[in-house]
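Go ahead and model the full structure; you've got the sequences and the hints to work with.
Which chain is which? The protein sequence lines are A and B, in order. Residue numbers for the first sequence follow my numbering, so the first one is 1 and each next one is one higher. Residue numbers for the second sequence follow my numbering, so the first one is 1 and each next one is one higher.
It is worth saying that the hints were derived from the structure and are not from the lab. Be aware that a few hints might be false.
Identical chains blur together in the list; that is why a pair holds if it fits in one copy or across any two.
[Unchecked claim] The list that follows gives simulated cross-link-like pairs (lysine-lysine, BS3-like), each with its CA atoms no further than 27 Å apart:
(1) Lys340 to Lys170
(2) Lys319 to Lys91
(3) Lys5 to Lys386
(4) Lys89 to Lys258
(5) Lys309 to Lys319
(6) Lys170 to Lys309
(7) Lys170 to Lys134
(8) Lys386 to Lys91
(9) Lys134 to Lys89
(10) Lys348 to Lys258
(11) Lys374 to Lys340
(12) Lys309 to Lys199
(13) Lys374 to Lys5
(14) Lys340 to Lys91
(15) Lys348 to Lys309
(16) Lys386 to Lys134
(17) Lys258 to Lys374
(18) Lys319 to Lys374
Number of protein chains: 2
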Amino acid sequence: MVIVKVMIMGVDGYLGLPLAMKLLSRGHEVVGIDNLSRRRRVREVGSWSATPIADPFVRFDAIQEFYSDFTFRFMDLRNTTEVEYVMYKHKPDAIVHLGEIPSAPYSMIDLEHCNETMTNNIVGTNNILFAMHKHAPECHMVKLGTMGEYGTPDIDIPEGYFDVEYRGRKDRLPFPRQPGSWYHLTKVHGSFNIMFACKIWGLRSTDIMQGVVHGIVTDEMVDDRLLTRFDFDEIWGTALNRFCAQAVIGHELTPYGKGGQTRGYLALRDSMQCLTLVAENPPDEGEYRVFNQFDECYSVNELAEHVVKVSGEFGIEAKVWNIENPRVEAEEHYYNPDMKHLPGLGFKPTYSLDDELRITIPKLMEYRERIEAKRERIMPTVYWTK
Amino acid sequence: MVIVKVMIMGVDGYLGLPLAMKLLSRGHEVVGIDNLSRRRRVREVGSWSATPIADPFVRFDAIQEFYSDFTFRFMDLRNTTEVEYVMYKHKPDAIVHLGEIPSAPYSMIDLEHCNETMTNNIVGTNNILFAMHKHAPECHMVKLGTMGEYGTPDIDIPEGYFDVEYRGRKDRLPFPRQPGSWYHLTKVHGSFNIMFACKIWGLRSTDIMQGVVHGIVTDEMVDDRLLTRFDFDEIWGTALNRFCAQAVIGHELTPYGKGGQTRGYLALRDSMQCLTLVAENPPDEGEYRVFNQFDECYSVNELAEHVVKVSGEFGIEAKVWNIENPRVEAEEHYYNPDMKHLPGLGFKPTYSLDDELRITIPKLMEYRERIEAKRERIMPTVYWTK
Chain A
1 MVIVKVMIMG
11 VDGYLGLPLA
21 MKLLSRGHEV
31 VGIDNLSRRR
41 RVREVGSWSA
51 TPIADPFVRF
61 DAIQEFYSDF
71 TFRFMDLRNT
81 TEVEYVMYKH
91 KPDAIVHLGE
101 IPSAPYSMID
111 LEHCNETMTN
121 NIVGTNNILF
131 AMHKHAPECH
141 MVKLGTMGEY
151 GTPDIDIPEG
161 YFDVEYRGRK
171 DRLPFPRQPG
181 SWYHLTKVHG
191 SFNIMFACKI
201 WGLRSTDIMQ
211 GVVHGIVTDE
221 MVDDRLLTRF
231 DFDEIWGTAL
241 NRFCAQAVIG
251 HELTPYGKGG
261 QTRGYLALRD
271 SMQCLTLVAE
281 NPPDEGEYRV
291 FNQFDECYSV
301 NELAEHVVKV
311 SGEFGIEAKV
321 WNIENPRVEA
331 EEHYYNPDMK
341 HLPGLGFKPT
351 YSLDDELRIT
361 IPKLMEYRER
371 IEAKRERIMP
381 TVYWTK
Chain B
1 MVIVKVMIMG
11 VDGYLGLPLA
21 MKLLSRGHEV
31 VGIDNLSRRR
41 RVREVGSWSA
51 TPIADPFVRF
61 DAIQEFYSDF
71 TFRFMDLRNT
81 TEVEYVMYKH
91 KPDAIVHLGE
101 IPSAPYSMID
111 LEHCNETMTN
121 NIVGTNNILF
131 AMHKHAPECH
141 MVKLGTMGEY
151 GTPDIDIPEG
161 YFDVEYRGRK
171 DRLPFPRQPG
181 SWYHLTKVHG
191 SFNIMFACKI
201 WGLRSTDIMQ
211 GVVHGIVTDE
221 MVDDRLLTRF
231 DFDEIWGTAL
241 NRFCAQAVIG
251 HELTPYGKGG
261 QTRGYLALRD
271 SMQCLTLVAE
281 NPPDEGEYRV
291 FNQFDECYSV
301 NELAEHVVKV
311 SGEFGIEAKV
321 WNIENPRVEA
331 EEHYYNPDMK
341 HLPGLGFKPT
351 YSLDDELRIT
361 IPKLMEYRER
371 IEAKRERIMP
381 TVYWTK
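Following this line, the structure appears as structure tokens:
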């Protein structure tokens, strides 16, 4: 199956924009979908992207200047009829579904944000599945999940499924999920729903359990209008993004709790490499496969140490201050996830954490004033227990 | 902890009504909540209950004649503020949460019914969890799940959790779930959400993986106004209910496919016994426990044989006709679920399948005309693959 037309749900997001350009540069047609809600939700919590991202129509016009095979459609994935219409109209060969609300702290703000994250993510994905079944049954859905779906079990983490022996009998079963926020729960719910749709309708999907992506720049960002967002506040920023931003404005780096929380990490360019490989190599009809997608594993304390070291190379003397953990999570734990499927498709990581930090930190220094302006949105105010 | 005040979500349903009376007869105060949507949804598919159930206000007035400690509140669990208000107002010691859309075929009708079942069940349960956290943190939530959350793995099914050994390491993990319809998926999503709320907020909950309940009568139904519903159509009836109704109107009994689908079954009176035991014996603070709740396991073909046998005792000559299976499910499989927690609390099954059928079939014969009137709503029209 040759992949020509790719639809990206969430094309206005951190990964969506660089992925669109990456796929276009490889000769694919790209239809980008977004309701622009990420911009609104970041404003809602009083923050903004460190990078001064272009207005959506400026950004999408700029892409079209470079790549004529790009189309943008403003659309909300919760709108059943619109989703069905774009699937009928475009019949994509692949969909990369990044169009979900992606923040654990946002989902933990209160009941309203919990329910909104749940219904947005579940209904949007269901709408795509039904529309695929009706109008593009051969299409491959690449769904962005998270390594956080697994939580931190005290055994190795396989890729989606494992061979179990229990009381003398054997079966191959979905690996138990132990998500740690309402947001992470929505990703688990989505995984179950997609697995079921593949089973009953013969749809094909790759569910990406992605580690934390870091970095700002990809080769296709030849113009400031094509910069992707970089969030650093307590709600939308990852721990690593926060540490980079803190270093740049002379704020202590603040790991939560003991800082032994270990996760998989991946440079933005390598995430693009992976998503492209996956989209171009669809599974068989009816196949639901799960790929773990990360490069290196680090604890939060180790991340902070790397940021201290690399920011030192740029004349910054950063300090680390472990603060009270606003989350409920294991702060010291076993962590040994598999990552075999992607190398099997040819994935070769190119940028280590330090390599990427040597690009990210000086780039962020250009935007020091924008970070400084939102300094008070970095420390945690959303607590899991309250 | 002494349980005095119990709130029943879904008190107008098949289990809710007899449970209210059972708990009231044991001296509890009962607040019953319902939005009466089950009546509407059964009408929507062109069917009705075989038993002529009383109008809601007649029914609830009748309960109050016998038990003064009963209150009914008309309310939709999706309404966040109302749920918070009843929790603030009543501060129940236990909640028995039966207030979800409970039909696999209903959820499989189309995308609209899928999304409605998902959002109704997920948002309703989230609203209760947040309201408990805020206004009744000691309250015990007894949540109705289904044995169908597990699917049919080729290994034994424990109660919620299992000890896994994998690549030389051990952990105790949630048992993998493999639900078989959008409805069953909502029950899995709910289980994950409740598990998380117990973990972060210290709530206590018992998640009931219930088998299929059968039967119409309980001891407290001393008056026709207190009859519970008995659904027999393709959407709302269980296989066993359908077979009983088919026998009564001289229709062939129609197992789906090969009929080797095996599930756990439980008489209505024994379900009431279990739910009462569970509600009266709460877990510890922060404990999320899973109980499998059934008595005997039967294949669908065996159910049909029992209905043929018992209906023969009442002069009915029933025949069996295995029809095309509208569902996607294993028609022959291993099935060996545990059921140890409930006997540990004192559960003793009292009515076998045949005992209960000897009550159900003659009772249904009184309502033969009502079943005959909806004869055309028994055969399947909702297919999993279409």
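27 Å Cα threshold - placement of Lys199 relative to Lys309: Neither way: Lys309 and Lys199 sit 49 Å apart in one copy and 37 Å across, limit 27 Å.
Intra- versus inter-subunit Cα pairing at 27 Å for Lys348 with Lys258: neither (32 Å within a copy, 49 Å between copies)
Alpha-carbon proximity between Lys340 and Lys170, which holds within one copy, between copies, both or neither at 27 Å: both (23 Å within a copy, 22 Å between copies)
Homomeric proximity label, Lys89 with Lys258: Cα distance no greater than 27 Å: neither (52 Å within a copy, 41 Å between copies)
Homomeric proximity label, Lys319 with Lys374: Cα distance no greater than 27 Å: within (20 Å within a copy, 75 Å between copies)
Homo-oligomer pair classification [Lys5, Lys374; C-alpha up to 27 Å]: neither (39 Å within a copy, 49 Å between copies)
Within, between, both or neither, where Lys386 and Lys91 count as close if Cα-Cα is 27 Å or less: Cα proximity of Lys386 and Lys91: across copies only (19 Å, versus 45 Å in one copy).
Homo-oligomer pair classification [Lys309, Lys170; C-alpha up to 27 Å]: Answer is neither: 48 Å inside a copy and 37 Å across each miss the 27 Å cutoff.
Status of Lys91 relative to Lys319 across identical chains (alpha carbons, at most 27 Å): neither (52 Å within a copy, 48 Å between copies)
Within, between, both or neither: Lys170, Lys134 at alpha-carbon 27 Å: Neither, since 36 Å and 44 Å both go past 27 Å.
Lys374 and Lys340: within-copy, between-copy, both or neither at 27 Å Cα: Classified as neither; 40 Å inside a copy, 56 Å across copies.
Same-copy or cross-copy closeness of Lys134 to Lys89 [CA-CA at most 27 Å]: Cα proximity of Lys134 and Lys89: one copy only (12 Å, versus 47 Å across).
In summary, the numbered hints that this structure violates are 2, 4, 6, 7, 10, 11, 12, 13 and 14.
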